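Enquirer: Sequence:
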Amino acid sequence: MAQRVPFIVAELGVDADPFMLHLYAALAEKERRLISGRTRAALAARKALGKRLGNPTDPAGALAQGRRVLADQAASFAAGVLPVLASLRASGVTDLRGLAYALNSRGVRTARGGGWHVSNVRNLLPRNGTGGLS
494 MAQRVPFIVA ELGVDADPFM LHLYAALAEK ERRLISGRTR AALAARKALG KRLGNPTDPA
554 GALAQGRRVL ADQAASFAAG VLPVLASLRA SGVTDLRGLA YALNSRGVRT ARGGGWHVSN
614 VRNLLPRNGT GGLS
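Going by the numbering used here, the letters in the sequence shown line up with residues 494 to 627, in that order.
Treat the hints with caution; some may be incorrect.
[Unchecked claim] Between beta-carbon pairs, the in silico distance windows are:
#: 1; residue 1: N597; residue 2: G543; range: 54 to 60 Å
#: 2; residue 1: F500; residue 2: G554; range: 48 to 54 Å
#: 3; residue 1: Q566; residue 2: A495; range: 49 to 55 Å
#: 4; residue 1: A553; residue 2: S612; range: 28 to 34 Å
[Stated by the list, open to error] 25 Å max Cα-Cα, derived SDA-like pairs, lysine to any residue:
#: 5; residue 1: K544; residue 2: R560
#: 6; residue 1: K540; residue 2: P552
#: 7; residue 1: K523; residue 2: A509
#: 8; residue 1: K540; residue 2: A557
#: 9; residue 1: K540; residue 2: R526
#: 10; residue 1: K523; residue 2: P511
#: 11; residue 1: K523; residue 2: F512
#: 12; residue 1: K523; residue 2: A537
#: 13; residue 1: K523; residue 2: K544
Calculated from the structure, these hints are not laboratory results. Remember, predicted model here, so these are calculated numbers, not experimental data. Positions of the beta carbon are idealized from the N, C-alpha and C atoms, including for glycine.
Required output: the full structure, derived from the provided sequences and hints.
Expert: Right under this line is the structure:
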């Protein structure tokens with residue numbers, strides 16, 4: 494016979510039995526349905542009054558502006574990391590895996606705060622004007 498693993502909810506403690514958990518789940522599902530119904534009714538009322546729903550701005554323009562912002566942020570980040578890469582390459586680390594390892598060893602984080610991989614380094618190197626490893 495398979496051994497049962499107890500399900501413990503931190504806020505309810507170990508005394509919460511399966512029946513209580515079932516009730517809480519049923520109430521949460523009911524609340525979700527009520528919120529959905531209220532949202533639909535409010536949107537229908539706004540639409541009935543002739544209000545436009547959705548984002549009234551130019552979606553293509555907003556997308557283009559978002560891309561420009563991301564490109565500027567990437568360029569700014571690259572400007573800070575490329576001197577470190579140049580130093581590593583000057584010291585003899587020339588392959589992508591070695592560069593990623595060296596950046597991780599020095600505690601340098603990626604733009605999103607993660608660790609370096611070959612693909613991250615490969616994407617960053619063309620920004621230095623040499624077109625990659627050379």
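Enquirer: Give a verdict on every hint.
Expert: Evaluation of the provided hints:
1. N597 with G543: 54 to 60 Å: Given range 54 to 60 Å: holds, Cβ gap about 57 Å.
2. F500 with G554: 48 to 54 Å: holds, 50 Å
3. Q566 with A495: 49 to 55 Å: holds, 51 Å
4. A553 with S612: 28 to 34 Å: Holds: the Cβ-Cβ distance is about 29 Å, inside 28 to 34 Å.
5. K544 with R560: Violated, because 30 Å separates the two Cα atoms, which is more than 25 Å.
6. K540 with P552: Roughly 21 Å between the alpha carbons, so the hint for K540 and P552 holds.
7. K523 with A509: Given pair K523, A509 holds - Cα atoms ~20 Å apart, limit 25 Å.
8. K540 with A557: Judged against 25 Å, a Cα distance of about 29 Å means the pair is violated.
9. K540 with R526: holds, 21 Å
10. K523 with P511: With a Cα-Cα distance of about 18 Å, the restraint between K523 and P511 holds, given a limit of 25 Å.
11. K523 with F512: holds, 17 Å
12. K523 with A537: holds, 21 Å
13. K523 with K544: violated, 29 Å
Hint violations for this structure: numbers 5, 8 and 13, all remaining hints satisfied.
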